[in-house]
Amino acid sequence: MKNLTQKLAPWRKWLFIIITFVLVQLLVQVGIINDYLQATIATICINIILAVSLNLITGFTGQFSLGHAGFMSIGAYVCGLTLLRMPTIWGYLASIVMGALLAAVVGFVVGLPTLRLRGDYLAIATLGMSEIIRIIFINLEITNGAAGLSGIPRFTNWVFLYIFTVGTVLLISNFLKSTHGRACISIREDEIAAEAMGINSTRYKVTAFTIGSLCAGIAGVLYAAYFYYLNPNTFGFLKSIDVLVIVVLGGMGSLSGSVLAAILLAIISTILQDFSDLRMIIYALLLVIIMIFRPQGLMGSKEISMKVFRNLGGLWPARKGEK
Amino acid sequence: MLEIKNLHVYFGVIHALKGISLTVNDGEIVTLIGANGAGKTTTLRTISGLEKPADGEIILNGKDITHTSAQERVKMGVSHVPEGRRVFPDMTVLENLELGAYLRKDKEGIAKDLETVYEHFPILYDRKKQAAGTLSGGEQQMLAIGRALMSRPKILFLDEPSMGLAPLLVQEIFRIIKNINSAGTTILLVEQNASMALQIADRAYVLETGSIVLSGTGSELMKSDEIKKAYLGG
Numbered sequence: 001m002k003n004l005t006q007k008l009a010p011w012r013k014w015l016f017i018i019i020t021f022v023l024v025q026l027l028v029q030v031g032i033i034n035d036y037l038q039a040t041i042a043t044i045c046i047n048i049i050l051a052v053s054l055n056l057i058t059g060f061t062g063q064f065s066l067g068h069a070g071f072m073s074i075g076a077y078v079c080g081l082t083l084l085r086m087p088t089i090w091g092y093l094a095s096i097v098m099g100a101l102l103a104a105v106v107g108f109v110v111g112l113p114t115l116r117l118r119g120d121y122l123a124i125a126t127l128g129m130s131e132i133i134r135i136i137f138i139n140l141e142i143t144n145g146a147a148g149l150s151g152i153p154r155f156t157n158w159v160f161l162y163i164f165t166v167g168t169v170l171l172i173s174n175f176l177k178s179t180h181g182r183a184c185i186s187i188r189e190d191e192i193a194a195e196a197m198g199i200n201s202t203r204y205k206v207t208a209f210t211i212g213s214l215c216a217g218i219a220g221v222l223y224a225a226y227f228y229y230l231n232p233n234t235f236g237f238l239k240s241i242d243v244l245v246i247v248v249l250g251g252m253g254s255l256s257g258s259v260l261a262a263i264l265l266a267i268i269s270t271i272l273q274d275f276s277d278l279r280m281i282i283y284a285l286l287l288v289i290i291m292i293f294r295p296q297g298l299m300g301s302k303e304i305s306m307k308v309f310r311n312l313g314g315l316w317p318a319r320k321g322e323k
Numbered sequence: 001m002l003e004i005k006n007l008h009v010y011f012g013v014i015h016a017l018k019g020i021s022l023t024v025n026d027g028e029i030v031t032l033i034g035a036n037g038a039g040k041t042t043t044l045r046t047i048s049g050l051e052k053p054a055d056g057e058i059i060l061n062g063k064d065i066t067h068t069s070a071q072e073r074v075k076m077g078v079s080h081v082p083e084g085r086r087v088f089p090d091m092t093v094l095e096n097l098e099l100g101a102y103l104r105k106d107k108e109g110i111a112k113d114l115e116t117v118y119e120h121f122p123i124l125y126d127r128k129k130q131a132a133g134t135l136s137g138g139e140q141q142m143l144a145i146g147r148a149l150m151s152r153p154k155i156l157f158l159d160e161p162s163m164g165l166a167p168l169l170v171q172e173i174f175r176i177i178k179n180i181n182s183a184g185t186t187i188l189l190v191e192q193n194a195s196m197a198l199q200i201a202d203r204a205y206v207l208e209t210g211s212i213v214l215s216g217t218g219s220e221l222m223k224s225d226e227i228k229k230a231y232l233g234g
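Chains L and A supply the protein sequences, listed in that same order.
For the first sequence, this note's numbering assigns the number 1 to the initial residue and increments by one for each residue that follows.
For the second sequence, this note's numbering assigns the number 1 to the initial residue and increments by one for each residue that follows.
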């Protein structure tokens with residue numbers, strides 16, 4: 001047994017990913033996970049993508065952005081408009097690519113001037129930007145204005161949700177481990193010192209912002225092709241705040257914190273569904289309480305480590321060269 | 001090695017540097033002394049590319065670098081230890097040092113320079129896994145200097161390395177600065193602690209409200225009555 005786990009050690013991350021996937025897929029097939037639970041899972045996955053990508057911008061690079069919903073809406077509308085004309089799997093795949101790229105391009109164009117601003121100013125600028133995007137969608141003919149788009153065929157399923165959620169987390173965690181990621185973190189730590197080390201801070205802030213918007217665009221596509229219906233007001237200021245709450249609650253600078261918080265908040269909302277009158281009050285109260293006792297967020301800037309499992313009878317032995 | 005001609009810097013309407021000219025020769029320690037607000041830090045920040053001059057020239061090894069970015073200048077061998085240390089507080093000592101070598105690709109050279117930094121500052125080796133924010137002020141200053149050395153600079157800018165340190169530590173830091181210089185790095189040092197700076201400097205410039213008012217060798221200035229009265233306390 002010990003020998004086997006030792007052999008599997010280098011693959012355990014992938015094993016964990018595959019087992020989770022197969023498990024949920026089986027539960028869906030058997031019918032234990034019903035439609036309602038599936039919708040909750042879709043929300044969780046989309047929120048994880050949004051939170052992890054916002055964490056890259058806000059938690060790791062230290063740029064306070066309130067415009068994430070704007071980028072999400074770009075992906076969502078690209079998907080909605082494409083699928084209403086081309087309701088095939090190819091249309092869906094194309095809209096994922098287009099939605100992600102368009103969101104990234106807008107992120108780049110918006111980021112270039114605004115990321116010269118700091119702190120509160122950047123927050124206001126990004127907030128204004130996402131409002132502009134929302135107003136554009138309300139006033140355009142093609143997006144059907146405030147009435148929104150309806151009857152979008154559903155293509156997003158557990159397979160797509162899972163691939164993109166895991167993909168986003170892996171993409172961003174690998175980015176953060178690279179030299180570029182280190183450069184981003186150093187900007188958060190001390191921008192002047194980073195500049196003095198020869199780090200082009202504008203370039204890395206824009207890079208982080210563009211990657212973040214790209215992921216938000218994908219989240220938007222997944223959303224549009226799951227929930228049938230798009231309305232510009234879904235992507236207002238409050239949506240950006242929702243994502244920010246997940247990031248802050250999980251811990252600025254902790255990817256696993258964002259994942260954990262997205263799941264936790266979804267579970268809390270689901271449980272509170274039965275107390276509809278008190279729901280928002282209890283939800284808000286919980287946030288206040290958590291912030292009083294864990295102001296650094298659930299995880300702080302730490303990551304969940306598989307080391308936790310290592311003490312459980314050698315089931316999770318150290319990799320070569322790992323302490 | 002470094003030549004600055006008629007440098008002017010403005011902050012809005014404030015004329016912070018009013019035509020500064022100075023030279024630093026290969027292998028020297030040159031110090032820039034002066035009171036608060038004289039423009040010492042601004043001079044350093046402008047030379048390392050963190051501020052933009054309105055007029056003037058900065059020439060490094062015969063090349064005009066006035067309009068290059070801070071990154072370019074680090075590549076050309078300029079390294080800046082900013083005022084107030086500014087280490088990356090949540091990163092470990094080792095990560096801080098690694099970021100100093102950010103623009104370098106030669107892994108072996110980086111490993112070798114890491115050894116050199118640990119030789120200069122043995123305490124950093126002992127604390128390499130510790131978050132930089134938890135170090136004492138003196139240790140943080142050592143880390144900031146070590147981090148700047150990791151880019152293997154030809155010229156090192158030090159902005160007030162003695163700030164907020166105990167007298168014994170100040171001596172220790174200055175001893176190490178002297179060692180770094182002996183090992184072949186040219187140094188431009190900005191200091192308020194004029195007596196310490198003049199002791200180790202080959203040459204010195206005195207800055208007053210944006211202009212250079214005096215210059216000479218370290219020992220000359222130590223003897224000058226004006227300097228004694230204004231900066232050395234007697």
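These are computed hints drawn from the structure, not numbers from a lab.
Heads up, some of the hints might be wrong.
Which chain A residues face chain L? A few, computed with CB under 8 Å, are given here [as the list claims (entries may be wrong)]: (1) Asn-6; (2) Ser-48; (3) Lys-52; (4) Ala-54; (5) Gly-56; (6) Ile-59; (7) Gln-71; (8) Gly-77; (9) His-80; (10) Met-91; (11) Leu-94; (12) Arg-152.
Heads up, simulated DSBU-like pairs for lysine-lysine below, C-alpha to C-alpha not over 30 Å straight-line [to be verified]: (13) A:Lys-128 <-> A:Lys-107; (14) L:Lys-177 <-> A:Lys-63; (15) L:Lys-302 <-> A:Lys-129.
Covered by chain A, per the in silico footprint, the following chain L stretches (three or more residues, Cβ under 8 Å) [as the list claims (entries may be wrong)]: (16) 192–201; (17) 259–266.
The structure displayed is predicted, hence computed values, not measured ones.
C-beta atoms are modelled at their ideal positions from N, C-alpha and C, and glycine is treated no differently.
Tested hints:
Here the hint on Asn-6 of chain A is broken, as its CB sits about 25 Å from the closest CB of chain L, past 8 Å. Proximity of Ser-48 of chain A to chain L holds as hinted, the smallest CB-CB distance being about 6 Å (cut-off 8 Å). For Lys-52 of chain A, the interface hint is violated, since its Cβ never comes within 8 Å of a Cβ in chain L; the closest pair sits about 13 Å apart. With its C-beta approaching chain L no nearer than about 20 Å, Ala-54 of chain A sits outside the 8 Å limit, and its interface hint is violated.
Nearest Cβ of chain L to the Cβ of Gly-56 of chain A: about 21 Å, over the 8 Å cut. The hint is violated. Evaluation of the Ile-59 of chain A hint against chain L yields a violated restraint, the C-beta minimum of about 20 Å exceeding 8 Å. For Gln-71 of chain A, the interface hint holds, since its Cβ comes within 8 Å of a Cβ in chain L; the closest pair sits about 5 Å apart. Interface restraint check: Gly-77 of chain A against chain L, minimum CB-CB distance 11 Å, threshold 8 Å, status violated.
Given the 8 Å rule on beta carbons, the hint for His-80 of chain A holds: about 4 Å separates it from the nearest Cβ of chain L. Taking 8 Å as the C-beta contact cut-off toward chain L, the hint placing Met-91 of chain A at the interface holds, the least distance being around 6 Å. Nearest Cβ of chain L to the Cβ of Leu-94 of chain A: about 12 Å, over the 8 Å cut. The hint is violated. With a cut of 8 Å, the hint placing Arg-152 of chain A at the interface with chain L is violated, because the nearest CB-to-CB distance is about 12 Å.
Annotation: proposed proximity of Lys-128 of chain A to Lys-107 of chain A holds, straight-line Cα distance about 18 Å (limit 30 Å). In summary, the hint linking Lys-177 of chain L to Lys-63 of chain A is not supported, as the alpha carbons are separated by about 36 Å, beyond the 30 Å threshold. Distance restraint check for Lys-302 of chain L and Lys-129 of chain A: the Cα-Cα separation of roughly 15 Å lies within the 30 Å cut-off, and the hinted pair is therefore satisfied. Evaluation of the coverage hint for the region 192–201 of chain L: fulfilled, as 9 residues show C-beta separations to chain A shorter than 8 Å, against a requirement of three.
For the region 259–266 of chain L, the stated coverage by chain A is not satisfied: 0 residues place a CB nearer than 8 Å to a CB of that chain, which falls below the threshold of 3.
Checked against the numbered hints given earlier, the structure breaks hints 1, 3, 4, 5, 6, 8, 11, 12, 14, 17 and satisfies all the rest.
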